Amino acid sequence: MVAVKAPAEMQIYLPIAEISVNVFLILGMGGGVGILSGLFGVGGGFLMTPLLIFIGIPPAVAVATEANQIVASSVSGVLAHWRRGNVDLKMGTVLLIGGIIGSTFGVWLFTWLKGLGQVDLVIKLSYVVFLGIIGSLMLVESGRAIMKKRAGAGAMGKIHHHNWMHGLPLKMRFRRSKLYISALLPLAVGIFVGILSAIMGVGGGFVMVPAMIYLLGMPTVVVVGTSLFQIIFVTANVTVLQAVSNQTVDVVLAILLLIGGVIGAQIGARFGGKLQGEQLRGLLALIVLAVCIKLGFDLIVTPSEFFSLGAAGGH
Amino acid sequence: MWSARPRSAALVAFLLASLVVATPATAREIVIDLSSPVVKVTAGFAGTDILLYGAKQAAGDIIVVIRGPAKKQVVRRKEQVGGVWVNRASQTFKAVPSYYWVASNRQDLGSMLSTELRQIHQIGIDELDFALTEDDAVDSDIWEYRDAIKRIHVRDGLYGGATQDLIFLSDTLFKTNVRLPANVSVGPYGVDVYLVRDGDIVASETKILNVRKFGLEAAVYDFAHRFSFAYGIIAVIIALVAGWSANAVFRKR
Chain A
5 MVAVKAPAEM QIYLPIAEIS VNVFLILGMG GGVGILSGLF GVGGGFLMTP
55 LLIFIGIPPA VAVATEANQI VASSVSGVLA HWRRGNVDLK MGTVLLIGGI
105 IGSTFGVWLF TWLKGLGQVD LVIKLSYVVF LGIIGSLMLV ESGRAIMKKR
155 AGAGAMGKIH HHNWMHGLPL KMRFRRSKLY ISALLPLAVG IFVGILSAIM
205 GVGGGFVMVP AMIYLLGMPT VVVVGTSLFQ IIFVTANVTV LQAVSNQTVD
255 VVLAILLLIG GVIGAQIGAR FGGKLQGEQL RGLLALIVLA VCIKLGFDLI
305 VTPSEFFSLG AAGGH
Chain B
7 MWSARPRSAA LVAFLLASLV VATPATAREI VIDLSSPVVK VTAGFAGTDI
57 LLYGAKQAAG DIIVVIRGPA KKQVVRRKEQ VGGVWVNRAS QTFKAVPSYY
107 WVASNRQDLG SMLSTELRQI HQIGIDELDF ALTEDDAVDS DIWEYRDAIK
157 RIHVRDGLYG GATQDLIFLS DTLFKTNVRL PANVSVGPYG VDVYLVRDGD
207 IVASETKILN VRKFGLEAAV YDFAHRFSFA YGIIAVIIAL VAGWSANAVF
257 RKR
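Protein chains in written order, with my numbering: chain A, 5 to 319; chain B, 7 to 259.
Hints in this document: simulated from the structure, not taken from any laboratory.
Don't take each hint at face value.
Partial pick of chain B residues on the chain A-facing surface, computed with a CB cut under 10 Å [said to hold, decoys possible]: (1) Val44; (2) Val45; (3) Val47; (4) Thr54; (5) Tyr59; (6) Val81; (7) Phe174.
Small disclaimer: the values here were computed from a predicted structure and weren't measured.
For each residue, glycine too, the CB sits at the ideal point set by N, CA and C.
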């Protein structure tokens, strides 16, 4: 819990989360994560959802509301890529079909876990695992890049390998991506990221982008635009399904986060050009790991109350 | 859904009250009223105090019990699994009052009524008993779950009250303050006042207190639960418009 003392008029009651929060705290969080996403070109959902949990928003509400916010930030981001023609519509559509399947299954899983009383645990565990992996990989990668730069070495390795994946059926030509691969691959990536999106309240860019580059072998120039394109629809699907089956989308919270996020992203994008890439990625890696450790620590520390209450049955 | 019930409950209470008044032989021994029969929960709601006052026509002590709308409640117990604290065993209770307040002019409820009577009328937090739902088997440690319900509600300010908190202004007039915290549930609250003499309840009186959500937040909550599909679509549209306009505004620079 973050203790922030503020006059009563700065407090706003969130209708779905059913708690009172400080307006400026939420705007500030939206702005802070917005700056980071502008700086690093990431969606920020994987940082915002844990932060919302830290300030006392029920994890189920944090996840569903963050999905709603990501719809907005992805729309805002995809338009620039769209104008430059950096969206592979065909690839995006295949990913999207997978994403819709995955996220629909994910929301069903979420609702089932909620009934068992395990959803908060699963959300937190998923975050610990994914933030741990992503943070460590980023830290190692940026560390290597810094070393390499100092050593003066160049030449990246070949990223497009031919292996068993190219033997899969249902081959499809993706012109914008200059690829001729099995549609099953992007479909599987879409399904996996869709499930993550539903359970963790993320766009999934941090999984999707590396998967598109290293697994599918897409050219980097179309990766971000195509990923954002499909994230819009997947998170929109998650928002509607969460609203219907769990009533956990808090529009008031989403709007506050949006306002902060939009402003923050612009500030971040401006500073981003002035800083060095490797150091930036190293810094983001440390932030991600810090959030991971805090979440993990909260799971293992002995709770002050061993019992918890929950509403039973339907609504 | 809850709007129909309090109305009919109030009607029953009114009919009962008029019956009592209409019967000349039994003049009402206690009358009570509340400073506000309706509590409005709005955006800035930070809890409220309600004044309960009344008069008694006969000798004896007064006990006031207020119960919030009852809910089916799951109580989960955390256990350590591989170092991580996980919800494991659970018990589901049929009707747990979301709010419980007891006040009296005396300190010790036990000195006024026998344990048996307190259990029958559910007077005092210690005497509160919660039954399991039919499809839940009783665990041997069920009392720990019952205690947890009480402990968590007391911690959240939802179960409470204070003996000696009820003040006599004269031989007949009495008053007490009832604290409703910010997190109260909406619905009808039953207010029961008992006149106690020589270890027995000699008279009682009931009133209904309504707690309702008001304002935009209430409307949003209501809409989200009643028209959840439309709510989801609207949430997405807001996000689409916001994202598009953010891009339009900042592109010009």
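(request) Report the numbers of all earlier hints that the structure fails to satisfy, in ascending order. (result) 1, 2, 4, 5, 7
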